[in-house]
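Given next are the chains, with one letter for each unit.
There are 2 protein chains.
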Amino acid sequence: MKLWSQFFIPTLKESPADAEIASHKLLIRAGLVRKLSAGLYTYMPLGQRVMRKLTEICREEMDRAGAIELWMPHLHPAEFWENGPRWAASREIMFRADSAGAAARPSREPELVLGPTHEEVITPLVKNEISSYRDLPKNFYQIATKFRNEIRPRYGLMRTREFVMMDAYSFDADEAGAARSYEAMKRGYEAFFRRIGLLSIAVEADTGVMGGSFSHEFMAPAEVGDDDIIYCEASGYAANREKATSALVPADLSDAPPSGEIEKFATPGVATIAALAAAPYSVPAEAQFKTLVYIGDGQPFVVILRGCDELEEAKLGALGFTLVRPATPEEIEPIMGAKPGSLGAVRGTIKNPAALTGIFADHAIRLIGNGTTGANEDAHHLRHVNVARDLAITRFGDFRRVHAGEPCPLSGQPLQSRRGIEVGHIFVLGTKYSERFGAVYTDAEKQSHPMVMGCYGIGIGRSMQALIEQDHDADGIRWPWAVAPFQVIVTLLDPKDEAATAMAKTLAAAAERAGADVLVDDRDERPGVKFKDADLIGIPLRLTVGGRGLKEGVIELKWRHEAAARKVPVAEAQSVIAGEVQRASEEATSAE
Amino acid sequence: MKLWSQFFIPTLKESPADAEIASHKLLIRAGLVRKLSAGLYTYMPLGQRVMRKLTEICREEMDRAGAIELWMPHLHPAEFWENGPRWAASREIMFRADSAGAAARPSREPELVLGPTHEEVITPLVKNEISSYRDLPKNFYQIATKFRNEIRPRYGLMRTREFVMMDAYSFDADEAGAARSYEAMKRGYEAFFRRIGLLSIAVEADTGVMGGSFSHEFMAPAEVGDDDIIYCEASGYAANREKATSALVPADLSDAPPSGEIEKFATPGVATIAALAAAPYSVPAEAQFKTLVYIGDGQPFVVILRGCDELEEAKLGALGFTLVRPATPEEIEPIMGAKPGSLGAVRGTIKNPAALTGIFADHAIRLIGNGTTGANEDAHHLRHVNVARDLAITRFGDFRRVHAGEPCPLSGQPLQSRRGIEVGHIFVLGTKYSERFGAVYTDAEKQSHPMVMGCYGIGIGRSMQALIEQDHDADGIRWPWAVAPFQVIVTLLDPKDEAATAMAKTLAAAAERAGADVLVDDRDERPGVKFKDADLIGIPLRLTVGGRGLKEGVIELKWRHEAAARKVPVAEAQSVIAGEVQRASEEATSAE
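Here the protein sequences come in this chain order: A and B.
At position 394 of the first sequence the residue is numbered 394 (the numbering used here), and the sequence of numbers has no breaks.
At position 482 of the second sequence the residue is numbered 482 (the numbering used here), and the sequence of numbers has no breaks.
Any given hint might turn out to be false.
Reference listing, derived: stretches of chain B covered by chain A, where coverage requires no fewer than 3 residues with Cβ under 8 Å from a Cβ of chain A [stated by the list, open to error]:
1) 39–48
2) 145–158
3) 344–357
4) 410–421
Example chain B residues on the side facing chain A (calculated, C-beta under 7 Å, incomplete) [unchecked claim]:
5) Phe8
6) Lys13
7) Glu14
8) Leu36
9) Ser99
10) Tyr133
11) Pro137
12) Ala444
13) Glu562
Hints were generated in silico from the structure; no laboratory data involved.
Note that the Cβ used here is the ideal one computed from N, Cα and C, for glycine as well.
Looking at chain A on its own, in the form it has when it is part of the complex:
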């Protein structure tokens, strides 16, 4: 039992100016966190209580999934990262650590970096400690702080420069074992999110800079989410938009026949798809080719899409590049012969085709039989362009962004979309890291093989905020029972009323004996302030003690998620409260 007067819950009436979304505002107003600096938050006592409960449930589920807890340093020697596969792609988002007294020293390569995740540490550790198939599989996890040099931290705990994460790393003898570890963790994740009361959906996701063969994100649906989930209720298909595919282009599509010879025509002042779609040219965007030049690991390449489609940059990862960016106009002109706005990929029109590592085309351009594209000559375009006849495509692929309404790849029904907050991510990594760091084992026949790895992450602070985002109302937070900082609040109307104070403590003790964490609001404040604060900080069950009610021999019991309060005679109060607490605890436990 904690007394509010001796605890520390600095609630606020006003939201901070930089808080844009409800959960961020409530985190601050309910006194759960305070901002130290951009992307750096102190977990205040109330927030720390939620974090500890989330951590404990996460630990239980990871143990149950067969993972073993350890604790790795936050500081990593940079050489581990330099020897790993993602240094070039990661170093911009990483912090290096150096002596603070060394500001005047000449700058040099960092000796230490702060870990955003720990593949580069755990893989060499496992290489040193495990060498036989008899010691596999193993799965190690930790719940610890991670660091990320976010340029634009925002949305409270959603995107920060340090954050608490559960990260796990599995090591298996083969792909089948890795798939079993992955499935066990997927079930562990589902149990974790179910137990903390967070609605989350496992969606197929891009593997991004982590590499690896496939992955799922766990998304908490919320309007303010950073990510789009594309899904189909009929088939159960769900994917992050970066990864989503659709059946827009039939797999058995035959190439459209040409419908005339290529014709060059002047297009003065036309530099966009929209301009060419407008009068006097009136070429529908669906019949235009969009020709983009990108740089992948330093080498230029071309991507072609329909004029009406957008490139989904993450899908370029399938081409095997580590770092991808759009080429600049200065890089484009010497290769293509024209500036952006007049680019195309018709055979023979590219000035220096040998400079390109490839011409990659989205499947959907095969829907175009008679298209229009840039002539690689400023202010000129070509019409009657046919994909099969006129374009030298290195490889077709899925590069376009999918939209709601397109047919589901499984059911053919229209896809839907909603926004979500990424709260977890699981990857099959394959042997990318184990080969790089030499994490091999010998099998029963003394043959050596690289271990097959998986990696796993859950954002603990982000889960806390997602819970608030998913369940709040105009008055404040509504915590699920399992993670509420306190489950019961006893609102003592007048702390100078000795009989009421004694009753409040008796009821608090009864709730505590039944298994609840109890806060007694014993502050010298008006009842209205206390009710507002209790709603704001979202305690599931409120007991009101004192005033006219107590004189009439009743106390008031009110659930945060119900509108009506209930009067309970004092004589029955202890047993009613114990009953309510037990019921709520059992409901929460049944999620295990």
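Based on the hints, put chain B in the right spot on chain A.
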């Protein structure tokens, strides 16, 4: 219950080459930690279990002492430190954090630093959140990672570049309140160390760079400790050597009268106390003055001691300087007129006395009536020097290092000394930080006052290692029950023996029901290997199941700290084990 085959305890027969002390060797050999790089350790699964138990007990005791848990960022904006009182003294031991991608950028002042402790963060937080006497006292703690750019990490977890620490910060309205907070925390510390089974002594300590008015260190006595404890059994006096005083110089000492006029004499080749003590000069060190030149916050000053005494540099803190260092010969000569070896402080012999901020003398020089000192002329000394007559002392103080055998300042009995490991530290900080950061409150009369602060630290990882250092034998660790990673190990002699395996699991379950954490050694290894490993990792209670014993209807029960094993008939085994577990648990709980 964990199965060894599915857990991960990589024991080693050999100690690593860089491990000098027993506890460091055992940390590695028992698979508790692994070194990632200098001063950076991974807590392996077994070590992490101990760390979690230590953390949980620490949390319980801090809660009981009235402290409130929160969690502050590891990254701090450097400006908080620049605005604080110890930036100059701390920055060399701090890490700064910068983008790892920015190695090629010109070096500049750090924007972020990694916190070694959190006064610079909590004080501004409290300034923003607390303004009334009604919200005081408050005491906040966290159990989190700290960073320190140790130049020479060593002794395993004793001196590392990152480490887990409990740190707390109390805020009171006045000194009396601060003293109560300090006492409550002191009792909390004593309870923590008692419960984890670590012998520790609270000793008076220097406040060092933290500032503040007084402090205690908690020292775990151990031969390999970095610190000297000076103590007296008769009076209970105990202090870190840096802080210790003795009654060597009687408080009522009257100045010795002069015994002759000052005489200069040539001392060619003499540059040390020892050389002047030797023939042909034969001046006892006790009758020599040792004249040292130091730089305090950029300004030179002189310290004078007896030739036989050593300066205790930490005691110079009492002079009010933040940063103190010995002056170089190049700095000394223009001020004193001579090189080190011929220095003195006799009136009129210092070349440029105006350059000195003071001449500070240790009390003990007052024991010298007729002394010898340098003449501030190379290769010359002065004899018949009298303190009262000849030296212009700015201030006397306690600057000498105290040694065992000197009289206790309380009892007069000979002081003793032993070495210890610092595992905790508590400080009354006063208003040093609150004034600097404007952490003030208004009292009932609307008057504004700075809060009076205390700060507190416990090294959690260091406590783990100190436990090993205090209790181990030639075979390995002997964990106290309360923090043992597992309290019971069931050594299954032959995992292929199905009856024995079933019995092992039955007994493990019985021990678990009685409240123990149980490890079953089900590995396919020889019994000798298993016994050695069980002793090495220090599990308090071992049950041996299988082999001839089981055929004869007995299992073996052996306490790690007892030499003899005991045979228990199978029929009684469950209840005997439950009884032993309960007894050990009750003993551990009685320390609460």
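### Task
Check each numbered hint from earlier against the structure, then list the numbers of those it violates in ascending order.
3, 4, 6, 7, 10, 11, 12, 13
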